[in-house]
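Trainee: Just so you know, the protein sequences line up as chains A and B, in that order. If you read the first sequence in UniProt numbering, its first letter stands for residue 1, the second for the next number, and so on. If you read the second sequence in UniProt numbering, its first letter stands for residue 1, the second for the next number, and so on.
No wet-lab data here; the hints were simulated from the structure. This structure is a prediction, so every number in the text was calculated from the model and none was measured. Careful, some of the hints might be misleading.
Any copy will do: because identical chains look the same in the list, a pair fits if it lies in one copy or spans two.
Lysine to aspartate or glutamate pairs mimicking DMTMM-like chemistry, simulated, CA-CA at most 20 Å apart [to be verified]:
| hint | residue 1 | residue 2 |
| --- | --- | --- |
| 1 | K263 | E53 |
| 2 | K333 | D114 |
| 3 | K23 | D65 |
| 4 | K23 | E349 |
| 5 | K288 | D139 |
| 6 | K288 | E348 |
| 7 | K23 | E73 |
| 8 | K23 | D70 |
There are 2 protein chains.
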Amino acid sequence: MSSPFWSRLVGGLTPYVPGEQPKGAGPDGRRLIKLNTNENPYGPSPKVITAIESVLNESLRLYPDPTAHDLRETIAEYYRLTPDHVFVGNGSDEVLAFVFQALLAHEKPILFPDISYSFYPVYCALYGIDYRLIPLDEDLAIRVEDYAQAEQPSIGGIIFPNPNAPTGRLLSLVEIERIVAGQPDVVVVIDEAYIDFGGESAVALIDRFPNVLVTQSLSKSRSLAGLRVGLALGQPALIEALVRVKDSFNSYPLDRLALAGAKAAFEDGAYFAQTCTRIIDAREALTKALVSRGFTVLPSGANFVFARHPKQGGEQLYLGLRQQGVMVRHFNKPRIAEFLRITVGTPEENQCLLAALDVVMGIAMSATN
Amino acid sequence: MSSPFWSRLVGGLTPYVPGEQPKGAGPDGRRLIKLNTNENPYGPSPKVITAIESVLNESLRLYPDPTAHDLRETIAEYYRLTPDHVFVGNGSDEVLAFVFQALLAHEKPILFPDISYSFYPVYCALYGIDYRLIPLDEDLAIRVEDYAQAEQPSIGGIIFPNPNAPTGRLLSLVEIERIVAGQPDVVVVIDEAYIDFGGESAVALIDRFPNVLVTQSLSKSRSLAGLRVGLALGQPALIEALVRVKDSFNSYPLDRLALAGAKAAFEDGAYFAQTCTRIIDAREALTKALVSRGFTVLPSGANFVFARHPKQGGEQLYLGLRQQGVMVRHFNKPRIAEFLRITVGTPEENQCLLAALDVVMGIAMSATN
Numbered sequence: 001m002s003s004p005f006w007s008r009l010v011g012g013l014t015p016y017v018p019g020e021q022p023k024g025a026g027p028d029g030r031r032l033i034k035l036n037t038n039e040n041p042y043g044p045s046p047k048v049i050t051a052i053e054s055v056l057n058e059s060l061r062l063y064p065d066p067t068a069h070d071l072r073e074t075i076a077e078y079y080r081l082t083p084d085h086v087f088v089g090n091g092s093d094e095v096l097a098f099v100f101q102a103l104l105a106h107e108k109p110i111l112f113p114d115i116s117y118s119f120y121p122v123y124c125a126l127y128g129i130d131y132r133l134i135p136l137d138e139d140l141a142i143r144v145e146d147y148a149q150a151e152q153p154s155i156g157g158i159i160f161p162n163p164n165a166p167t168g169r170l171l172s173l174v175e176i177e178r179i180v181a182g183q184p185d186v187v188v189v190i191d192e193a194y195i196d197f198g199g200e201s202a203v204a205l206i207d208r209f210p211n212v213l214v215t216q217s218l219s220k221s222r223s224l225a226g227l228r229v230g231l232a233l234g235q236p237a238l239i240e241a242l243v244r245v246k247d248s249f250n251s252y253p254l255d256r257l258a259l260a261g262a263k264a265a266f267e268d269g270a271y272f273a274q275t276c277t278r279i280i281d282a283r284e285a286l287t288k289a290l291v292s293r294g295f296t297v298l299p300s301g302a303n304f305v306f307a308r309h310p311k312q313g314g315e316q317l318y319l320g321l322r323q324q325g326v327m328v329r330h331f332n333k334p335r336i337a338e339f340l341r342i343t344v345g346t347p348e349e350n351q352c353l354l355a356a357l358d359v360v361m362g363i364a365m366s367a368t369n
Numbered sequence: 001m002s003s004p005f006w007s008r009l010v011g012g013l014t015p016y017v018p019g020e021q022p023k024g025a026g027p028d029g030r031r032l033i034k035l036n037t038n039e040n041p042y043g044p045s046p047k048v049i050t051a052i053e054s055v056l057n058e059s060l061r062l063y064p065d066p067t068a069h070d071l072r073e074t075i076a077e078y079y080r081l082t083p084d085h086v087f088v089g090n091g092s093d094e095v096l097a098f099v100f101q102a103l104l105a106h107e108k109p110i111l112f113p114d115i116s117y118s119f120y121p122v123y124c125a126l127y128g129i130d131y132r133l134i135p136l137d138e139d140l141a142i143r144v145e146d147y148a149q150a151e152q153p154s155i156g157g158i159i160f161p162n163p164n165a166p167t168g169r170l171l172s173l174v175e176i177e178r179i180v181a182g183q184p185d186v187v188v189v190i191d192e193a194y195i196d197f198g199g200e201s202a203v204a205l206i207d208r209f210p211n212v213l214v215t216q217s218l219s220k221s222r223s224l225a226g227l228r229v230g231l232a233l234g235q236p237a238l239i240e241a242l243v244r245v246k247d248s249f250n251s252y253p254l255d256r257l258a259l260a261g262a263k264a265a266f267e268d269g270a271y272f273a274q275t276c277t278r279i280i281d282a283r284e285a286l287t288k289a290l291v292s293r294g295f296t297v298l299p300s301g302a303n304f305v306f307a308r309h310p311k312q313g314g315e316q317l318y319l320g321l322r323q324q325g326v327m328v329r330h331f332n333k334p335r336i337a338e339f340l341r342i343t344v345g346t347p348e349e350n351q352c353l354l355a356a357l358d359v360v361m362g363i364a365m366s367a368t369n
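Just chain A, same shape as in the assembly (with noise of 0.2 Å):
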């Protein structure tokens, strides 16, 4: 479809497609195993159900706090900042998209991953921005050196996720700290998405490097991806910037609804902290099972794990979970087509994962005798 009325920008777009977000029943009727999206298997703190149901009512007719004051409050006190230190958004990807806009966008093409979040080169084609993209290693990981040691005249920026995705591979924060300092003249993005799965913050460096900036979600790690939060964290010059392109563009990105639960969801650390190290418990297991049944596993610091089989095609394995009522995510693309993202789900889910697998992995091998 095209249309003379469209601007000059839209033909040109192809957009991100996101996992599939199924309405109904798997075969047969069946409950859909959901490994494809990675949500968080378990739902959100109750405290934040209970604030929400506080702000419920006919206050609804009124617009939210355009500064979203209280919110970014308690995230600065969550990491010892103040609240000029922080910028919040609908989901991080409205996050990014302003970070590309008011951050990203210069002259010099700016440098990720060839494999990374797809998302990236959508936000460059939105913006015109020039990208180059830096390979990983053999072993699908982030070199430190291709980003530290980038020959600064040349490039406008830099932005990677960590742990990276699909990858689910984690960088130190010693490792990111040479990134930032190598490169102290141009902005520095870590999108932190999934760091609370056992990474460490590269909030911590905030203080000392002024091109350093933080995305987060509450989407993983906060049990949240259905109410639409993301973070950005980085010294007052930068959070202005996005300020500025923010306000631009729409007032009231948070709603009421969404303001009270991601402020319960920061205050309650008790429960954060019981999910996520229950899905760091399982993602070990999952791991291990993987490998038991012959896959290679990327070492992950995230909420999935990225797995291959030596013997079984990728989207194959894809295919024929989903048709066991699993769905996984894969990619049709070079260097990852044979791999499976799978999201780490509870124990139960993870077992019905394996013993479809098994199932799927004993067709296959039947097929080829």
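Following the hints, position chain B against chain A.
Mentor: Just chain B now, kept in the frame of chain A:
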């Protein structure tokens, strides 16, 4: 503040400034009467609250439907369209931002009134769109011929609110059609944030005119400013442009609670009709009371009135009311600096406003004696 890390765009932005959202009480601890941001004085339908409660549970851990299909279907049924005629976003401000980027960003300047929604020039700056301000006539009304007969080869699009803001003046559907029919080669956007308070929607033109796009908001007539839901209606080719930009920006701008609440708001037609009627009645009573105090009040099709007093300065009245605990909006801009924009409140709130006005005008009059 400025920073070498900012993209070239950021420094040149002059963000939109929304009306104030007070956090506490007024002077002397009295309750503030808030008539400054055109919120509905009545809460949302009780069915909205119930609908949100019904999805306020552990399903918040899951992403919302990125296509918002159920909500779009409900809105489509309401307007007797199909879902591919409906776009929804995080408040009509976000929807308008997408409209500017996807449908109004052409080489040629777009047209909008010199006195209008002050976010329009902000969007133009954000997306590098040239614009021409078309002066309202001496009665602050839109002159239809200025748009219908504007030389076609020289314009890139048209946008105006109907009723216009902050004047409140309404164009008839016949007048809107003259503009839409007169400019078949460009998109004509009718921003209907306030249409439900007595106007006739241009949705009726969508079937016949591929160039008409209507935007609406749930913040005013449906009492949901705090939930952030807006929409656009038009032929599928126009909607597709918005979807492409949205999907290159943020897959899920509407959270699960907003989707459920917005759907329920459209389903409760009786409540909607009742509150709109109450506000229209209160507007007429308020207009009479202001006229009896010597004000000139523009005819309003909105949930606010735009009024000036021949002898009292706009800023002085605004500040005086504020001191009395009544917030209204004042725009320190050419042609309208003597006006107050007063949101229509409940009959009781409107009485408070009038009483405060009497105090302020009494004070002002005795000060000039």
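Trainee: If a hint holds in the structure, say so; if it doesn't, say that too.
Mentor: The hints, checked one at a time:
| no. | hint | verdict |
| --- | --- | --- |
| 1 | K263 x E53 | both (13 Å within a copy, 19 Å between copies) |
| 2 | K333 x D114 | within (10 Å within a copy, 51 Å between copies) |
| 3 | K23 x D65 | between (33 Å within a copy, 8 Å between copies) |
| 4 | K23 x E349 | within (19 Å within a copy, 45 Å between copies) |
| 5 | K288 x D139 | within (19 Å within a copy, 76 Å between copies) |
| 6 | K288 x E348 | within (15 Å within a copy, 68 Å between copies) |
| 7 | K23 x E73 | between (37 Å within a copy, 15 Å between copies) |
| 8 | K23 x D70 | between (35 Å within a copy, 11 Å between copies) |
When each numbered hint is compared with the structure, no violation occurs for any of them.
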